Each structure stands twice: as structure tokens, then as C-alpha cells.
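Using the sequences and the accompanying hints, generate a full structural model.
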Amino acid sequence: AVEAAAYVRAAGEDVRAGDRVLEPGTLLTAAEIGLLATLGHGQVAVYRRPRVAILSTGNELADLGTEPGPGQIPNTNTYSLMAQVLEAGGDPVSLGVAPDRLEAIEERVRRARDADVILSSAGVSVGELDLVREALTRAGAELHLWKVSMRPGKPITFGSLGGRPFFGLPGNPVSAMVTFELFVRSRRSPTPARGGAISACG
78 AVEAAAYVRA AGEDVRAGDR VLEPGTLLTA AEIGLLATLG HGQVAVYRRP
128 RVAILSTGNE LADLGTEPGP GQIPNTNTYS LMAQVLEAGG DPVSLGVAPD
178 RLEAIEERVR RARDADVILS SAGVSVGELD LVREALTRAG AELHLWKVSM
228 RPGKPITFGS LGGRPFFGLP GNPVSAMVTF ELFVRSRRSP TPARGGAISA
278 CG
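Numbering (our numbering), first residue to last: 78 to 279.
Derived by calculation from the structure, the hints in this document are not laboratory data. On a predicted model such as this, the values are computed, not experimentally measured, just so you know. Note that CB positions come from ideal geometry on N, CA and C, so glycine has one too. Possibly wrong hints are sitting among the right ones.
[What the hints assert, rightly or not] Per label pair, the in silico range of CB-to-CB distance:
1. Pro145 <-> Gly240: 33 to 39 Å
2. Thr143 <-> Ile110: 37 to 43 Å
3. Lys224 <-> Ala160: 22 to 28 Å
4. Val92 <-> Met227: 41 to 47 Å
5. Gly117 <-> Lys224: 24 to 30 Å
This is the structure we're talking about:
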């Protein structure tokens, strides 16, 4: 026999009046949006996804759709970093590939001024054609660190350009992805974001 009130869900069983169902800064995925709809909320105040500009540098890089020339390799970092930015909740914007010319790199860096976060890969070591540091300085950036004591990922820089964070990541694809996870994705806003989502500087 079925007991009285069996299989009956009482009002307030899931959420009671006055309960906080989502913490400020929570990344809204399908589950959170469904919960909000269940509670009758068609609109909520949110932070815009941060725009993340991504620049790859190097004469040796051949972009997708082009045939690599002698001594060239495919440009992988732009696309792996764009995917990581998406996974972290950002809106990636590709600045393409800049050749190893100071003026070209500086022009791309200046083009990224509307972004909330700027990423570059390669050009941050000590070689003759590692020009990102000088290009940043010429563009008006303030540099806070240059190199970290770790492998992979030693050649990395962090600075600010017009109040926006700039991360210069290594050119090695594995090093670029590792340093993104450690230094970029882990950067949090004043309100916590689930999964270590990146946030606009504020």
C-alpha cells in the first residue's frame, strides 16, 4: 500500500523563501540558468564576459590555411589559447600573428587596448628577436615581472597596459598552455567565479 503523502513534494522542499541560491560571481551555465528559470527569474544582473585579445609572434609561424615555408611551423598557440579562454568564460579575440619586427608587435599591442585582458605568446625570452618586452614599453605598458623560476614556463612576463593586465606567455605550445592555467585562469575577480574563470580587471 502507498503511504499517505508518499511521492508528494512539499512547497519549499528545494528552496525556501529567503535562501541564497547563487553566490555573486557564479559562472552561469545551463544548470544555473535552469535554476533561475525555476524560481521565475527571467533577468539577472551579470558581468559581461571579459574580452581577451590573443597575439602570437614569430617569423616562424604559418597561420592556418597557409602552406608553411622553409623553417616555419603551424601557429598552434592562437587556437589553443582561444579554446582555453572560452573554457574559462572569456570572449577570445585573435590579433593574428605578428612578425618579429618591433613596429609590427607594437601596432598589434596598441590594437588590443579595447580588450580587458591581453595575451601574447613567444618573444618574451632573451633572444635577439624576442621583442615583446620592448614593444610593451614603447606602447606605454608597466612591467611587473619578467621570468619565473619554473619549468615549463620560465619565460613569462606580466604587466599592465592602460590598467589592463598583460600576460606574455612562452612560445612553446605546452608551456603556453601550462602558464595560462597557472597565471591567467587562476586570476580571480573580487567576487569568486566557479572554476577559476578569468575576469576583467576592475
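Worksheet item: Can you name, in rising order, the numbers of the hints this structure does not satisfy?
Response: Going through the list in order, the structure violates hint 5 alone and respects the others.
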